[in-house]
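Protein sequences, first through last, are from chains V and G.
The first sequence begins at 0 in numbering that gives the first Met the number 0 and counts up by one.
The second sequence begins at 0 in numbering that gives the first Met the number 0 and counts up by one.
A few of these clues could be false.
Here are some chain V residues the structure puts well away from chain G; computed CB gaps all over 10 Å [stated by the list, open to error]:
| id | residue |
| --- | --- |
| 1 | Leu16 |
| 2 | Ile102 |
| 3 | Leu190 |
| 4 | Glu194 |
| 5 | Glu238 |
| 6 | Asn330 |
| 7 | Met339 |
| 8 | Lys460 |
| 9 | Ile524 |
Lysine-lysine pairs mimicking BS3-like chemistry, simulated, CA-CA at most 25 Å apart [claimed, not checked]:
| id | chain 1 | residue 1 | chain 2 | residue 2 |
| --- | --- | --- | --- | --- |
| 10 | V | Lys213 | G | Lys71 |
| 11 | V | Lys493 | G | Lys139 |
| 12 | G | Lys111 | V | Lys359 |
| 13 | V | Lys104 | V | Lys78 |
| 14 | G | Lys139 | V | Lys71 |
| 15 | G | Lys309 | G | Lys232 |
| 16 | V | Lys316 | V | Lys71 |
| 17 | V | Lys282 | V | Lys326 |
| 18 | G | Lys145 | V | Lys359 |
| 19 | G | Lys111 | G | Lys139 |
| 20 | G | Lys309 | V | Lys316 |
Facing chain V, according to a computed beta carbon distance under 8 Å, are these residues of chain G, among others [stated by the list, open to error]:
| id | residue |
| --- | --- |
| 21 | Gln128 |
| 22 | Ser147 |
| 23 | Tyr150 |
| 24 | Ala155 |
| 25 | Tyr162 |
| 26 | Ile253 |
| 27 | Ala277 |
| 28 | Met281 |
These aren't lab readings, by the way, just hints derived from the structure by calculation.
The beta-carbon is built from N, C-alpha and C at its ideal position, and this holds for glycine as well.
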Amino acid sequence: MRGIRWRTVIILFFLALAGWYIYPTIKLFSLSTQERRAMDPAKLAELESRSLRLGLDLMGGMHLVLEVDKSKLTPEEAKDAVDRALEIIRNRVDQFGVAEPVIQKQGRSRIIVQLPGLQDPERAKALIGRTAQLEFKLVKEGEEVDALLNEIDVALARRMPRAKEQAPEDLDWLFAGVPPLFQHRPFTSLLRIYEDPRTGKLVSIRVAEENRPKVDRVLSDPEIRALIPPDAEFLWASETEVYQGKRYYSLYLVRKTPELTGAHIADARPEIGSGYDPEIANKPIVAFTTTDEGARIFSLVTGANIGRRLAIVLDNKVCSAPVIRTKLSKNSIITGNFTMEEARDLAIVLRAGALPAPIKIVEERTVGPSLGRDSIEKGKVAAVIGFIAVVVFMAVYYRFSGLIADLALVLNLVFLVAALAGFGATLTLPGLAGIVLIVGLAVDANVLIFERIREELRTGKTVRLAIDNGYSRAFRTILDANLTTLITALVLYKFGTGPIKGFAVTLSIGILASMFTAIVMTKAIFDFVITRWRVTRLSI
Amino acid sequence: MKFLTNTDFDFIGRRKTAFLISIGLIIIGLVSLAVHKGPNFSIDFVGGILLELHFELAVPTEEIRAALREVKLGDRVVDLSRSEIQEFGSANDILIRVERMSTEVAVADVIKERLKSAFPNRIPKDERQWLRRQESVGPKIGGELKQSAIYAILVALLGMLIYIGWRFKFRFAVAAIVALFHDVLITLGVLSLLNQEISLAVVAALLTIVGYSLNDTIVVFDRIRENLRALRKERNYGVIVNRSINDSLSRTVITSLTSFIVVLVLFLRGGEVIHGFALTLMIGVLVGTYSSIFVASPVLVEWQKRAEAKRLARGRRI
Chain V
0 MRGIRWRTVI ILFFLALAGW YIYPTIKLFS LSTQERRAMD PAKLAELESR SLRLGLDLMG
60 GMHLVLEVDK SKLTPEEAKD AVDRALEIIR NRVDQFGVAE PVIQKQGRSR IIVQLPGLQD
120 PERAKALIGR TAQLEFKLVK EGEEVDALLN EIDVALARRM PRAKEQAPED LDWLFAGVPP
180 LFQHRPFTSL LRIYEDPRTG KLVSIRVAEE NRPKVDRVLS DPEIRALIPP DAEFLWASET
240 EVYQGKRYYS LYLVRKTPEL TGAHIADARP EIGSGYDPEI ANKPIVAFTT TDEGARIFSL
300 VTGANIGRRL AIVLDNKVCS APVIRTKLSK NSIITGNFTM EEARDLAIVL RAGALPAPIK
360 IVEERTVGPS LGRDSIEKGK VAAVIGFIAV VVFMAVYYRF SGLIADLALV LNLVFLVAAL
420 AGFGATLTLP GLAGIVLIVG LAVDANVLIF ERIREELRTG KTVRLAIDNG YSRAFRTILD
480 ANLTTLITAL VLYKFGTGPI KGFAVTLSIG ILASMFTAIV MTKAIFDFVI TRWRVTRLSI
Chain G
0 MKFLTNTDFD FIGRRKTAFL ISIGLIIIGL VSLAVHKGPN FSIDFVGGIL LELHFELAVP
60 TEEIRAALRE VKLGDRVVDL SRSEIQEFGS ANDILIRVER MSTEVAVADV IKERLKSAFP
120 NRIPKDERQW LRRQESVGPK IGGELKQSAI YAILVALLGM LIYIGWRFKF RFAVAAIVAL
180 FHDVLITLGV LSLLNQEISL AVVAALLTIV GYSLNDTIVV FDRIRENLRA LRKERNYGVI
240 VNRSINDSLS RTVITSLTSF IVVLVLFLRG GEVIHGFALT LMIGVLVGTY SSIFVASPVL
300 VEWQKRAEAK RLARGRRI
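Could you build the full structure based on these sequences and the hints that come with them?
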């Protein structure tokens, strides 16, 4: 008798525990959308943290695997590059405003980012992936640029094919279609050069969109690269401008060493420009504030270079290159053809800092909210239909005992959901399928037991003895059989990715719970029924 | 209600037929795999891009193909019209699958832009309803996932072998492993016949089948072990095994039935996303049950016959 009392206590204890853990989930899922919005956000967050979590494939959201490209870093830098990148990405994501993002390191150079409930995947990818290296570089003008362009022309002209000889293959593309007049200026013929009408000095270079690939090829030619002085480099503008119906990219020759970098920026804000300058007024801009050190450098540089242009370079593309009109120090602005959203995102990225190395997105899985909702609906329907089918079958085939098994099944599912909520586990779509599968597997234990009991009854044993024997003989088989499924679940957990892990967890907990409900609980009920009502014939 | 009690089918006697059927199924599966040049791996394993889009007004796949004939990727223009483009579930849902390209550009995003500009008034007003699902898998990751999957299957099989070797005698382990290989091969074969895409979820289902089939096999083995002790007087091993199968037949059939019912419901009503998963489980449940009766047990009997023949031969020589 004492054994039975202990057993009852344990069962009631687990039932109470399950009720405690499952209550927040039931409460959360029964809230309507209005009630949800009306709730105090702190309370809602707490309720959500204690409830069952939905995976990305059920809630919608984005899963990214990023790889940090350490190829251009020194071994020193490479060591903590990934950790630094992780911090910066976390910063950016925090400012993006996603509830419960997951940002983790994976292996030696990968970062996993999960953004549940994300509404705008494009923007998130752009925000996360930008290297965001901000640099301020002085633009070279005038004779220096002229001289370099000349040198390039001469070098290319030297390699030009003479009319009668075979054209060298490497420059075919350059000279094809060039009128003879320009053949001694093969490079500059691709450019449109603007000079200051007063001084005649070269001010800016523009390249028509269709000529850009050719210019790129020239500039990447090794002989030409050698001609560019070591303290200079060519940079493209980040966007095209339209002149007389054609699109042009501006090309800048800048001083390679930056005067100021993103490290000198203390804060950045998106704003709408004011004033009269058409490039600024009423357009979204990014206003930034430098650090004290940055302010010192900035004022030195601007003070010494009034009249020259300072290129604002973002990720090696020139955003804008305004002329320095006065000495600047702490505050200034970045203009470009931004939309308000782009200005906002640029400000976020400047505030969070530049990534130490470029990152590549090597895996992306995005589930839209509509598919997530659909999957939940379908999963629910499947679970309900499956459940009803099995319940009816058990009741019909095993009669009263079948009903007991059905009760065990219900409690099994309750325990399963409670455990998932309690462990803070995530329910994924395969996990939902796992729940449906558990419905089929959980009754197996009871089938084994009941078949044994039927056998025992057939050999003429008493009801009580038949039941006891049935349970004890079936127990070892159930244990063995379920253990193999658990081994599989373990393997799946170790080798699987997110959704599969969810399946493995659901399967494992479901099987463990099923052993408790199918064996311990049903036996308790049988014992209770037999002793209380002195049953001589068992409905099985 | 009872059925299948006190049956006395001669499963062991029919084992040659069962053996032929199994071989036949395996060969058909292997032929299908050969014809299709291997399993139909999803982007999870070979890399690539998957886009599932929901249009407000259905767009015929031909028009989508035409729209993707010239797509600008960075500074190249490629023809994506021959990619896999199909309706998925309903006429409004389109699934596009593109093989992986060696380019840094986000191909999926470019395709979306292209389709947005090609069919601007057929996209749902709330653009978030347009994108159902998007997946991009780089080549390296695809290769890694493939490796992971293979390791997982091997580790699982090894784990099973060790477990049964520990709980039962060695020959039981061998019989069980033979049955498991049989199950995996036939399931893969049927999946290939149906040209089902092998994704991560399908591999997970395969592993689940490994566990489930073993579950089934162990129940029969347990009975055999019990009967070997109880029916010690019976000299014919095959008779004992037969009896054991018959004894556990009703349990085997009922459990398979309940498992099959739930998986069938998943297959019919679970939606397109877990379609492959549910299909694999369905095939696995059927094959797993078949193998516990017609593969694992006959192997045991054959083993025993060979062992006895050897013992007899050795006995005679002395």
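Going down the list of hints, with the structure as the test:
1. The claim that V/Leu16 is not at the interface with chain G holds, since no C-beta of that chain comes within 10 Å of its own (minimum 27 Å).
2. No Cβ of chain G approaches the Cβ of V/Ile102 within 10 Å, the least distance being about 18 Å, so the stated non-interface status holds.
3. With a least CB separation of 19 Å from chain G, V/Leu190 remains clear of the 10 Å interface cut-off, as annotated.
4. Its beta-carbon lying about 30 Å from the closest one in chain G, V/Glu194 satisfies the requirement of being farther than 10 Å from that chain.
5. With a closest Cβ-Cβ approach of about 16 Å to chain G, V/Glu238 is found to remain outside the 10 Å limit, as its non-interface label requires.
6. No Cβ of chain G approaches the Cβ of V/Asn330 within 10 Å, the least distance being about 36 Å, so the stated non-interface status holds.
7. Every CB of chain G is more than 10 Å from the CB of V/Met339 (nearest about 18 Å), matching its label as outside the interface.
8. Distance check for V/Lys460 against chain G: the nearest CB is about 16 Å away, which clears 10 Å, and the non-interface claim stands.
9. Separation of V/Ile524 from chain G is adequate, the least Cβ-Cβ distance of about 20 Å exceeding the 10 Å criterion.
10. Between V/Lys213 and G/Lys71, the direct Cα distance comes to roughly 18 Å. Compliance with the 25 Å bound is thereby established for this hinted pair.
11. Among the hinted pairs, V/Lys493 with G/Lys139 is consistent with the structure: their alpha-carbon atoms are about 20 Å apart, no more than 25 Å.
12. This hinted pair checks out: G/Lys111 and V/Lys359 have alpha carbons roughly 20 Å apart, not beyond 25 Å.
13. This hinted pair checks out: V/Lys104 and V/Lys78 have alpha carbons roughly 13 Å apart, not beyond 25 Å.
14. As the CA atoms of G/Lys139 and V/Lys71 are separated by approximately 20 Å, the hinted pair is consistent with the 25 Å bound.
15. Annotation: proposed proximity of G/Lys309 to G/Lys232 holds, straight-line Cα distance about 21 Å (limit 25 Å).
16. The straight-line distance between the Cα atoms of V/Lys316 and V/Lys71 is roughly 19 Å, inside the 25 Å bound, and the hint therefore holds.
17. For the suggested pair V/Lys282 and V/Lys326, the alpha carbons sit about 24 Å apart, so the restraint of at most 25 Å is met.
18. The hinted pair formed by G/Lys145 and V/Lys359 meets the criterion: a straight-line CA distance of about 21 Å does not exceed 25 Å.
19. For the given pair, G/Lys111 sits about 24 Å from G/Lys139 by alpha-carbon distance, which is consistent with the 25 Å threshold.
20. Straight-line distance between C-alpha atoms of G/Lys309 and V/Lys316 comes to about 81 Å, which puts the hinted pair past the 25 Å bound.
21. The restraint placing G/Gln128 at the interface with chain V holds, with a minimum CB-CB distance near 5 Å, inside the 8 Å limit.
22. The restraint placing G/Ser147 at the interface with chain V holds, with a minimum CB-CB distance near 5 Å, inside the 8 Å limit.
23. Annotation: G/Tyr150 was flagged as interfacial toward chain V, and the flag holds, the nearest CB pair being 6 Å apart, inside 8 Å.
24. Evaluation of the G/Ala155 hint against chain V yields a held restraint, the C-beta minimum of about 4 Å falling below 8 Å.
25. At about 6 Å, the closest approach between the beta carbon of G/Tyr162 and any beta carbon in chain V falls short of 8 Å, and the interface hint on this residue holds.
26. Residue-level restraint check for G/Ile253 holds (minimum Cβ-Cβ distance to chain V is 5 Å; threshold 8 Å).
27. Annotation: interface hint on G/Ala277 holds; nearest CB of chain V at approximately 7 Å, less than 8 Å.
28. Below 8 Å, beta-carbon pairs count as interface contacts, and G/Met281 has none with chain V, the closest being about 11 Å; its hint is therefore violated.
The structure fails to meet hints 20, 28 from the earlier list, while all remaining hints are met.
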